[in-house]
Amino acid sequence: MLELSKLTRQADTMGAAVARRRLDQHDLLQRAQADLGQHARVDDLLRQRIARACAEDASWRGADPLGDSLDERHLPEGPPQPATLIAADGSQIYPDRHAVAPYYLLNVGSILLRQDAAGAPVVRSQPALFYEESDLYDETGRLRDSEYVNGQRHRLEFETLAQHAEEERAALGGDVSRPIVALVDGPLLLWTAQRATDREISMEVRRFARQLARFRGARVVPMGYVDRPASANVLRTLELADISLEDVTRDKVRAGLYRRLTDRLLFSGLEAGQRSGLFASTSQMNGLLRDTGHRIIFFYLNASQRAGADHAAIVRVEVPEWIASEPALLDLAHQAVYADCRLTEYPYMLARAHELAVVSTADRAEFEMLVGQAMLRHGVPPVISTKAEMKRLTATRPRRHP
Amino acid sequence: MGDVGIMVGRVLRATTANFSVGCRGLFTIADRLIPEFGGLVKALGRDGAVIYGLTYNVTIDDDAFVRQLVAAGLEDATYIEDQRQNRQVPVVADILTVGGQDAGQELSYRLPAQPPGPLDEIYACNAAEIVRFTLRNDWLRTVLAAKDTPSDQLITASLSAAAAARPLGQREAYLVAAGRELARQMALDLGRLDGILGQLYDDIEEKTRER
Chain A
1 MLELSKLTRQ ADTMGAAVAR RRLDQHDLLQ RAQADLGQHA RVDDLLRQRI
51 ARACAEDASW RGADPLGDSL DERHLPEGPP QPATLIAADG SQIYPDRHAV
101 APYYLLNVGS ILLRQDAAGA PVVRSQPALF YEESDLYDET GRLRDSEYVN
151 GQRHRLEFET LAQHAEEERA ALGGDVSRPI VALVDGPLLL WTAQRATDRE
201 ISMEVRRFAR QLARFRGARV VPMGYVDRPA SANVLRTLEL ADISLEDVTR
251 DKVRAGLYRR LTDRLLFSGL EAGQRSGLFA STSQMNGLLR DTGHRIIFFY
301 LNASQRAGAD HAAIVRVEVP EWIASEPALL DLAHQAVYAD CRLTEYPYML
351 ARAHELAVVS TADRAEFEML VGQAMLRHGV PPVISTKAEM KRLTATRPRR
401 HP
Chain B
1001 MGDVGIMVGR VLRATTANFS VGCRGLFTIA DRLIPEFGGL VKALGRDGAV
1051 IYGLTYNVTI DDDAFVRQLV AAGLEDATYI EDQRQNRQVP VVADILTVGG
1101 QDAGQELSYR LPAQPPGPLD EIYACNAAEI VRFTLRNDWL RTVLAAKDTP
1151 SDQLITASLS AAAAARPLGQ REAYLVAAGR ELARQMALDL GRLDGILGQL
1201 YDDIEEKTRE R
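For the record, the sequence lines run as chains A and B.
Just so it is clear: in the first sequence, position 77 is 77 by my numbering, and no numbers are missing.
Just so it is clear: in the second sequence, position 24 is 1024 by my numbering, and no numbers are missing.
These are calculated hints, taken from the structure and not from any lab test.
Among the clues, some could well be false.
[Unchecked claim] Derived list of chain A stretches under chain B, where covered just means 3 residues or more per stretch with a C-beta under 8 Å from a C-beta of chain B:
#1 116-129
#2 276-290
[Stated by the list, open to error] The calculated label-pair distances, taken between Cβ atoms and stated as ranges, are:
#3 A:R22 to B:I1080: 36 to 46 Å
#4 A:A307 to B:L1012: 41 to 51 Å
#5 B:L1012 to A:M1: 30 to 40 Å
#6 B:I1080 to A:T361: 24 to 34 Å
Ideal placement from N, C-alpha and C gives every residue a C-beta, glycine not left out.
Starting from the given sequences, assemble the full structure and let the hints guide the process.
In structure tokens, the structure reads:
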């Protein structure tokens, strides 16, 4: 039980600290934005510094600019064209050794919306249950953990999205004039478990590249949408702009001047609906993807409908690099997603995909009751652990009033 | 089981005296509004028992997501249809139990021994079933005595529907008989009786003009 009365003073102190930090950030941000204006030009020297920073520190995550300036801004021209939007999101029940039986569950929700069509969008929700020993235990006999399940969920979300994308293009008779955008919540750049081996990473990269090739074959724009991004790749590159090549050392790049800022703040001056230039993260994973022809690039977009930096809603959008070779298609995708953010400054599609995917605590309880009944029919009493039972009982205890 | 009629929804919760039905939305099926205030519905129990009830309230709930969309100026037809057709926010119809019939037994206007079960199917009664149920006026007493329901308007709507279910030539006679029964049951509350009969008269006048 959380005794709020014991936290009142700390909450107040915390509020003051946040305000102080915000003030300090403001001065630093002004300096960074001035730097961006002053050192915006992308030349060979900057590229050499970026290459050196990568070589000096493998963990350095800068931004490799695709354009001629770090400070590019772009507003699509021409009226938006109706597009088809597809979004998928996933939810899960993690394996739990205290539950009635070992299992895990994935649920992928998806929505397909044709922007100019009458009628409701197509919505789907597809659960998948995993209970075989080969699903549940790794080679050392340990129960699979949340990191593994998250990886499986990401894969299923992306496969679902690719499948719907291909089906939609096929339903159009292969007509590629209509833009189709496939949205996922979060980065598009592949994520792998920290302890993954080189072989596992290589397999995952190949698998991911196969899915991206499906999108490319269907001429569909896969897009990762990161709301309130914490990334600072462009700032890392900006920190290199004012130092000599010899000064690009491991210590120097690790002690970056703008460590306390994010790219979101740096680009808070983007106008409503405007996007930044295109960049590629210098991560090793992106290097592996580049070798498959599917390097991931990103830009920042102001998803707000209101003018002014105070109302800016800067998000990070990630797409495969092959989209950059079709600027008109990139513009159409940009416009389609921005239009989808009109109501709440967040894609309606992603909000709905999440709603379709989410497995609530009540859903889980009902599902476990269903499993319990099935076990009983087969002569196995469903018993949760004593610890789980105690947690269940104490969680529902009435609140004590002091 | 043969043709049981138009499905209204499934039971969400129930007491002996009333029950609530989760519906997929507001529909017009074969010129009938589903669910409809004053409409006679039936719950089909698994043991062959039937429970009859009158729809006395229809609720459309909102949620935080819808509220935010509306406040932001929701106008796009595709989003509106998504909210209407795909969101899992049920329309809830509240039903006042007015009678029942156990398997192989006569129709009864008493409250049933058990309420309908969770997720039991609820169907709109067809004209023949409405006529059969309203052959006697015993159900009026249950409606008049019901608490927390708009009883007077419910009686008006239900009598009007019962009259409409009959051949044209029988409607007036039916309503006159029902009016007499109401007068008998409400002899000590003439003000309320006058209100109900007035509403009923207005309703019949309106329907006559429509024709």
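- Message: When the structure is checked against the list of hints, which entries are broken? Sort them ascending.
- Response: Of the numbered hints given earlier, the structure breaks just one, which is hint 2.
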